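Peer 1: Please put together the full structure from these sequences, using the hints given.
Number of protein chains: 2
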Amino acid sequence: MARADYPQPIQELIAELKRLPGVGPRSAERMAVWMIQHKKRNPLELAQALSQAEASVTLCPACGFFATADGCTICDDHSRDEKLVCVVEQATDVLPLERSGAFSGYYHCLGGKLSPLDNVTPYDLRINQLLKRLETLEEVEVILALSSDVEGEATANYLAEVLAEKKCAVTRIAQGLPAGGGLEHADELTLMRALQGRR
Amino acid sequence: MARADYPQPIQELIAELKRLPGVGPRSAERMAVWMIQHKKRNPLELAQALSQAEASVTLCPACGFFATADGCTICDDHSRDEKLVCVVEQATDVLPLERSGAFSGYYHCLGGKLSPLDNVTPYDLRINQLLKRLETLEEVEVILALSSDVEGEATANYLAEVLAEKKCAVTRIAQGLPAGGGLEHADELTLMRALQGRR
Chain U
1 MARADYPQPI
11 QELIAELKRL
21 PGVGPRSAER
31 MAVWMIQHKK
41 RNPLELAQAL
51 SQAEASVTLC
61 PACGFFATAD
71 GCTICDDHSR
81 DEKLVCVVEQ
91 ATDVLPLERS
101 GAFSGYYHCL
111 GGKLSPLDNV
121 TPYDLRINQL
131 LKRLETLEEV
141 EVILALSSDV
151 EGEATANYLA
161 EVLAEKKCAV
171 TRIAQGLPAG
181 GGLEHADELT
191 LMRALQGRR
Chain D
1 MARADYPQPI
11 QELIAELKRL
21 PGVGPRSAER
31 MAVWMIQHKK
41 RNPLELAQAL
51 SQAEASVTLC
61 PACGFFATAD
71 GCTICDDHSR
81 DEKLVCVVEQ
91 ATDVLPLERS
101 GAFSGYYHCL
111 GGKLSPLDNV
121 TPYDLRINQL
131 LKRLETLEEV
141 EVILALSSDV
151 EGEATANYLA
161 EVLAEKKCAV
171 TRIAQGLPAG
181 GGLEHADELT
191 LMRALQGRR
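The listed protein sequences correspond, in order, to chains U and D. The first sequence begins at 1 in the UniProt record's numbering and counts up by one. The second sequence begins at 1 in the UniProt record's numbering and counts up by one.
Bear in mind the hints are in silico, worked out from the structure with no lab data behind them. Incorrect hints may have been included.
Where chains are identical, the list cannot tell them apart; a pair therefore holds if satisfied intra-copy or between any two copies.
Stated by the list, open to error - As a list, the in silico EDC-like pairs of lysine to aspartate or glutamate whose alpha-carbon atoms are at most 20 Å apart:
(1) Lys18 <-> Glu29
(2) Lys83 <-> Glu141
(3) Lys166 <-> Glu12
(4) Lys18 <-> Glu54
(5) Lys132 <-> Asp149
(6) Lys166 <-> Asp76
Predicted model, so just to flag it, every value in this text is computed and none were measured.
Peer 2: See below:
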């Protein structure tokens with residue numbers, strides 16, 4: 001007697017789902033079975049949405065954010081403040097900033113951060129594109145909104161050095177206590193930076 | 001200035017992913033962005049696997065487990081013990097039993113459990129199919145492997161009553177301490193049942 005398992009098509013679906021980030025074998029199984037059992041709720045729409053997103057989404061050649069054939073919603077929005085360019089690591093870092101409502105300028109996504117261990121050099125990031133973009137702008141403030149880990153710091157320092165030769169102001173977003181966080185939960189480095197950045 | 005958001009195709013993909021069980025807004029966003037950014041790893045294979053599973057997987061008319069056009073791997077396996085029929089709630093309950101390796105007979109999936117609050121009556125479950133199936137078999141042991149919550153108990157009691165008129169032995173799987181569990185972590189009901197079921 002052979003032990004029974006899911007039919008081949010379900011097993012293939014589980015294998016595909018398991019590759020998604022944050023999805024383990026058990027969640028993949030649950031999702032696959034849900035998709036098969038809820039035929040009324042049209043799981044095929046997921047397949048269609050995926051194919052369509054796959055086919056139509058590209059990265060904006062100017063800022064590096066997600067764009068479609070219709071263009072980039074950010075670069076095409078001429079009501080934004082053209083004196084502000086915020087440099088972020090990934091295209092996904094744009095939306096948290098947008099949702100905060102605290103920034104009204106344009107963005108530039110580097111596509112990563114400097115990391116010698118992973119063989120990421122300045123040539124792998126969209127730094128040249130940033131420099132070219134700045135040549136066409138005047139009196140611009142470049143805000144570095146990079147993560148506060150070692151690689152993010154290294155990238156910010158490198159950019160500050162490169163941009164020092166350009167006619168633009170360079171600032172970095174502040175580091176300190178997160179909103180709602182008490183002193184007792186903050187680590188020493190965060191506290192040190194919060195103290196250094198006091199105003 | 002309008003706040004930027006993901007392009008429409010990505011938003012639709014996120015909406016579809018959010019409908020999956022166990023996937024919240026943030027995981028859906030992460031998955032969608034992963035799918036778009038890892039084009040090399042062929043996320044389209046997921047869409048294909050989904051369409052194929054959707055099209056080819058049905059439920060076995062005899063036992064209610066997942067089947068394809070090639071048939072049901074369990075019902076078609078004639079090396080199994082035909083004197084044993086294990087009654088489970090859902091098709092998904094079959095695989096844990098199969099993986100335990102402790103059962104070598106056939107299965108019957110009810111498709112749910114009795115639940116007056118959710119309007120699930122005996123006519124909504126595959127009980128008639130079970131009775132018909134048992135008419136063609138002789139000296140069969142029917143093992144009720146239902147969950148140990150209120151609805152599972154009610155379903156088991158109902159089935160025991162209905163099957164009492166048939167020429168078959170009816171047993172239930174044991175309830176007691178889970179493997180590896182200490183007494184200190186067991187609730188009172190589990191302990192009571194473990195004591196009642198001592199052997």
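Peer 1: Confirm or reject each hint.
Peer 2: The hints, checked one at a time:
1. Lys18 <-> Glu29: both (8 Å within a copy, 16 Å between copies)
2. Lys83 <-> Glu141: within (6 Å within a copy, 80 Å between copies)
3. Lys166 <-> Glu12: neither (53 Å within a copy, 41 Å between copies)
4. Lys18 <-> Glu54: both (19 Å within a copy, 18 Å between copies)
5. Lys132 <-> Asp149: Answer is neither: 27 Å inside a copy and 67 Å across each miss the 20 Å cutoff.
6. Lys166 <-> Asp76: Classified as neither; 25 Å inside a copy, 75 Å across copies.
Of the numbered hints listed earlier, those contradicted by the structure are 3, 5, 6.
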